[in-house]
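If you're matching them up, the sequences are chains C and E in order. So for the first sequence, our numbering puts the first residue at 7; every next one is plus one. So for the second sequence, our numbering puts the first residue at 7; every next one is plus one.
One should not assume that every hint holds.
Which copy is meant is left open, because identical chains are indistinguishable; a pair holds if it fits in one copy or across any two.
[Claimed, not checked] Derived SDA-like pairs: lysine to any residue, alpha-carbon spacing no greater than 25 Å straight-line:
#  : residue 1 : residue 2
1  : 394       : 289
2  : 38        : 72
3  : 38        : 81
4  : 382       : 289
5  : 138       : 293
6  : 382       : 72
7  : 38        : 156
8  : 22        : 253
9  : 371       : 51
10 : 382       : 69
11 : 133       : 155
12 : 382       : 396
13 : 133       : 183
14 : 138       : 156
15 : 133       : 159
16 : 38        : 70
17 : 415       : 27
18 : 9         : 136
19 : 133       : 291
20 : 9         : 19
21 : 415       : 73
22 : 415       : 100
23 : 38        : 67
24 : 394       : 291
25 : 22        : 7
In case anyone wonders, no lab produced these hints; they're calculated from the structure.
There are 2 protein chains.
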Amino acid sequence: MKKYSEMSRGELLAEKEALEGRFREICSKRFKLDMSRGKPSIAQLDLSNEMMDVLNSDSYFLDETGTDCRNYGILNGIPEAKRLMGAMSEVDPDDMIIYGNSSLNIMFDAVSHAYTHGICGCTPWGKQENVKFLCPVPGYDRHFRITEYFGIEMINIPMSETGPDMDLVEKYVNGDPSVKGIWCVPKYSNPQGYTYSEETVRRFAALTPAAEDFRIFWDNAYSIHHLYDEPEMQDFLLEILAECRAAGHPDIVYKFISTSKVSFPGSGLAALAASRRNLQDIEHHLTVQTIGHDKLNQLRHVRFFGNMANMHTHMSRHAEILRPKFELVTGTLRAELGELGIASWTEPRGGYFISLDTLDGCARKVVAKSAEAGVKLTPAGAAFPYGKDPRDRNIRIAPSYPTLPELTKAVEVLILSVKLVSIDLYLEGGQ
Amino acid sequence: MKKYSEMSRGELLAEKEALEGRFREICSKRFKLDMSRGKPSIAQLDLSNEMMDVLNSDSYFLDETGTDCRNYGILNGIPEAKRLMGAMSEVDPDDMIIYGNSSLNIMFDAVSHAYTHGICGCTPWGKQENVKFLCPVPGYDRHFRITEYFGIEMINIPMSETGPDMDLVEKYVNGDPSVKGIWCVPKYSNPQGYTYSEETVRRFAALTPAAEDFRIFWDNAYSIHHLYDEPEMQDFLLEILAECRAAGHPDIVYKFISTSKVSFPGSGLAALAASRRNLQDIEHHLTVQTIGHDKLNQLRHVRFFGNMANMHTHMSRHAEILRPKFELVTGTLRAELGELGIASWTEPRGGYFISLDTLDGCARKVVAKSAEAGVKLTPAGAAFPYGKDPRDRNIRIAPSYPTLPELTKAVEVLILSVKLVSIDLYLEGGQ
Numbered sequence: 007m008k009k010y011s012e013m014s015r016g017e018l019l020a021e022k023e024a025l026e027g028r029f030r031e032i033c034s035k036r037f038k039l040d041m042s043r044g045k046p047s048i049a050q051l052d053l054s055n056e057m058m059d060v061l062n063s064d065s066y067f068l069d070e071t072g073t074d075c076r077n078y079g080i081l082n083g084i085p086e087a088k089r090l091m092g093a094m095s096e097v098d099p100d101d102m103i104i105y106g107n108s109s110l111n112i113m114f115d116a117v118s119h120a121y122t123h124g125i126c127g128c129t130p131w132g133k134q135e136n137v138k139f140l141c142p143v144p145g146y147d148r149h150f151r152i153t154e155y156f157g158i159e160m161i162n163i164p165m166s167e168t169g170p171d172m173d174l175v176e177k178y179v180n181g182d183p184s185v186k187g188i189w190c191v192p193k194y195s196n197p198q199g200y201t202y203s204e205e206t207v208r209r210f211a212a213l214t215p216a217a218e219d220f221r222i223f224w225d226n227a228y229s230i231h232h233l234y235d236e237p238e239m240q241d242f243l244l245e246i247l248a249e250c251r252a253a254g255h256p257d258i259v260y261k262f263i264s265t266s267k268v269s270f271p272g273s274g275l276a277a278l279a280a281s282r283r284n285l286q287d288i289e290h291h292l293t294v295q296t297i298g299h300d301k302l303n304q305l306r307h308v309r310f311f312g313n314m315a316n317m318h319t320h321m322s323r324h325a326e327i328l329r330p331k332f333e334l335v336t337g338t339l340r341a342e343l344g345e346l347g348i349a350s351w352t353e354p355r356g357g358y359f360i361s362l363d364t365l366d367g368c369a370r371k372v373v374a375k376s377a378e379a380g381v382k383l384t385p386a387g388a389a390f391p392y393g394k395d396p397r398d399r400n401i402r403i404a405p406s407y408p409t410l411p412e413l414t415k416a417v418e419v420l421i422l423s424v425k426l427v428s429i430d431l432y433l434e435g436g437q
Numbered sequence: 007m008k009k010y011s012e013m014s015r016g017e018l019l020a021e022k023e024a025l026e027g028r029f030r031e032i033c034s035k036r037f038k039l040d041m042s043r044g045k046p047s048i049a050q051l052d053l054s055n056e057m058m059d060v061l062n063s064d065s066y067f068l069d070e071t072g073t074d075c076r077n078y079g080i081l082n083g084i085p086e087a088k089r090l091m092g093a094m095s096e097v098d099p100d101d102m103i104i105y106g107n108s109s110l111n112i113m114f115d116a117v118s119h120a121y122t123h124g125i126c127g128c129t130p131w132g133k134q135e136n137v138k139f140l141c142p143v144p145g146y147d148r149h150f151r152i153t154e155y156f157g158i159e160m161i162n163i164p165m166s167e168t169g170p171d172m173d174l175v176e177k178y179v180n181g182d183p184s185v186k187g188i189w190c191v192p193k194y195s196n197p198q199g200y201t202y203s204e205e206t207v208r209r210f211a212a213l214t215p216a217a218e219d220f221r222i223f224w225d226n227a228y229s230i231h232h233l234y235d236e237p238e239m240q241d242f243l244l245e246i247l248a249e250c251r252a253a254g255h256p257d258i259v260y261k262f263i264s265t266s267k268v269s270f271p272g273s274g275l276a277a278l279a280a281s282r283r284n285l286q287d288i289e290h291h292l293t294v295q296t297i298g299h300d301k302l303n304q305l306r307h308v309r310f311f312g313n314m315a316n317m318h319t320h321m322s323r324h325a326e327i328l329r330p331k332f333e334l335v336t337g338t339l340r341a342e343l344g345e346l347g348i349a350s351w352t353e354p355r356g357g358y359f360i361s362l363d364t365l366d367g368c369a370r371k372v373v374a375k376s377a378e379a380g381v382k383l384t385p386a387g388a389a390f391p392y393g394k395d396p397r398d399r400n401i402r403i404a405p406s407y408p409t410l411p412e413l414t415k416a417v418e419v420l421i422l423s424v425k426l427v428s429i430d431l432y433l434e435g436g437q
């Protein structure tokens, strides 16, 4: 197949007519599919159903130190949950706080506390003149909404396969005291599925921030979320807390994890790992905010998974369900768009998303076009601060929720939309 | 028995010697009991154990609208949970948001959001000159810690059996635009067990606050927590939302409830009820903060309780366990201190606490004395803003957690301590 850019006007018009015929045919079937969020599928949820059996009315509800998990008490998590989540996050259990079901909520609260009370005794962000965050783009929309909500200025940092542009990150963080944080999804990043290289992580750990209250917001959401069992097919991420400690900057990072995509998205465990100094600072807030989180759910997770080896086995079952979906998407994109010169995309080995770049100025139109045929994608621009993709080209594909037959149809709609919008661009003389 | 104030020095010394002998005897037994918090007892927790059976791996995990409770989604609660909690709170289910396990966390977040973003478009509290809260005293220490944490000035308002001094409340709220809130535990109040009278509730609803962003923080923590089944032995509280609406001030109240002392203290449901305008304002925050709360736990509560009648029956089982404990405390206080003129106390018909007033200047000493004999009480002063009881006389008794034999010993220790500290006061020529 020829590149679209090399086609004559006549060839483009012929191609357009054929594609439009097929597109109308699909529209007539009134297909409906919401692919806007990274939701696990029903088959994946079923993998954890037996977690509902591990506690029953005859259970022993005490944690290993004898605390009754049904009652009040224990602000930072029962010891066995800290061990399990510590293993998942590759940190010392004493370097963690276990929260409720939402790591997003922990991040929001961390920003909120910094805004109202300041980090470790520093002036609250709400009382500082300028507060800025670095935002590797494309990135996770819900991160950006938190900083936008608090009126924090967001600065785009380009992403590559090895992570954010570290020259820029160093320039901003080490040079500008109003830069207070950076949002990172360091492994199987949202939406590209990139994993930060060892060099990138070491450069993060070696940062010498101009602001004492600068923190890396390290959202390790997909730490064990591989698509392949073979070790050589799995991405590896250096553990950031240890690197920061080794570099003499133990306090510059907050690390977030959750089991939202391990057990249940609505009813998992979320946790924060950080230096003792940071944890003390945060517990000082937390003790005013709540008496404690749901310890029965902590117990349920610990008794269901038992240990990290079982959790890895469990993740391998998730991968069995997810892998064919990712391969369907990337395989079809390769077959259908590979030679046309109108799109590029990532081929992740883990995580929940595929990032697709169209020709500049086409993403919004592609998303709108797909919606006409009943396929709801993440809004174009969502992966950028303020919802603004400067090149209007990025589309986040979330293949996890649909079944394979649904996904087959959805990908066809997406590809038809990309082709049709691109042809129109060429016909109008763009690119 | 004579009043201590009428005893001669000789009589007081003789009494003291006898009491000290008994006190030393108890100390020698190295009894240990923590009565500092209002924790349900193990027997009470056991009442809800079967809630652990209602969801298992074969369950149907959809809510009544077909939403899978295991997955992401639904910010403000599944409809059946809103109905159940609405019934518990006597409000329209549409006037509620269901949260996670902690109503304290909802209150903290409500204050935090008001501080960072302002209520319904008003200037954020953090950017206003003076922000004040009214604090009926004695009251709930954790309420006061929230406002203290945000640097909000707290003003003591005396409590009586009918509720806070409403003349003062009206003067402050209607006259001072820097007064932004009042902490209320309107039913079976913490620590007195008082219930606001109908007149008090109507006067609350009729408030015409000088500040547009004034809100009543109505913590209805003990709404269905009666000690007696007989209706004539139960306190009645007017429903505040309806009263405020009727008075033309639908927006002046946030109402909080939870099942912490219905199901499990660590794993219950908490909820906020308020006007639609307030709920919209809060959902605007909430949607940035989290994707949603634990819907499986909502489903668990709904399937366990089924309806409000069952929840009342359940509460009656709690009462069976709690009632003898309250009666043991009040009965012993009456028998031992009734004629001595050195203490007064409340005799609640519900809730979790009994409030004891010693002679002025004695509370700290009594708490310290009890600790010597192994009985840990709530710190004296805790029920007042900044931990300062101006008369140093109030002690909160939490009879729920100990077994009856433990409680018998603890009350003996408390009474001995009150007597010994009071005798010392008279011997030193005080009062």
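The hints, checked one at a time:
no.: 1; hint: 394 / 289; in the structure: between (36 Å within a copy, 24 Å between copies)
no.: 2; hint: 38 / 72; in the structure: between (51 Å within a copy, 17 Å between copies)
no.: 3; hint: 38 / 81; in the structure: between (44 Å within a copy, 23 Å between copies)
no.: 4; hint: 382 / 289; in the structure: between (41 Å within a copy, 24 Å between copies)
no.: 5; hint: 138 / 293; in the structure: between (28 Å within a copy, 22 Å between copies)
no.: 6; hint: 382 / 72; in the structure: between (49 Å within a copy, 20 Å between copies)
no.: 7; hint: 38 / 156; in the structure: neither (36 Å within a copy, 48 Å between copies)
no.: 8; hint: 22 / 253; in the structure: neither (57 Å within a copy, 65 Å between copies)
no.: 9; hint: 371 / 51; in the structure: neither (33 Å within a copy, 57 Å between copies)
no.: 10; hint: 382 / 69; in the structure: between (45 Å within a copy, 23 Å between copies)
no.: 11; hint: 133 / 155; in the structure: both (16 Å within a copy, 16 Å between copies)
no.: 12; hint: 382 / 396; in the structure: within (22 Å within a copy, 62 Å between copies)
no.: 13; hint: 133 / 183; in the structure: both (14 Å within a copy, 23 Å between copies)
no.: 14; hint: 138 / 156; in the structure: both (11 Å within a copy, 24 Å between copies)
no.: 15; hint: 133 / 159; in the structure: both (15 Å within a copy, 19 Å between copies)
no.: 16; hint: 38 / 70; in the structure: between (49 Å within a copy, 22 Å between copies)
no.: 17; hint: 415 / 27; in the structure: within (15 Å within a copy, 86 Å between copies)
no.: 18; hint: 9 / 136; in the structure: neither (47 Å within a copy, 67 Å between copies)
no.: 19; hint: 133 / 291; in the structure: both (18 Å within a copy, 20 Å between copies)
no.: 20; hint: 9 / 19; in the structure: within (14 Å within a copy, 106 Å between copies)
no.: 21; hint: 415 / 73; in the structure: between (52 Å within a copy, 23 Å between copies)
no.: 22; hint: 415 / 100; in the structure: neither (48 Å within a copy, 38 Å between copies)
no.: 23; hint: 38 / 67; in the structure: between (45 Å within a copy, 23 Å between copies)
no.: 24; hint: 394 / 291; in the structure: between (34 Å within a copy, 22 Å between copies)
no.: 25; hint: 22 / 7; in the structure: within (15 Å within a copy, 104 Å between copies)
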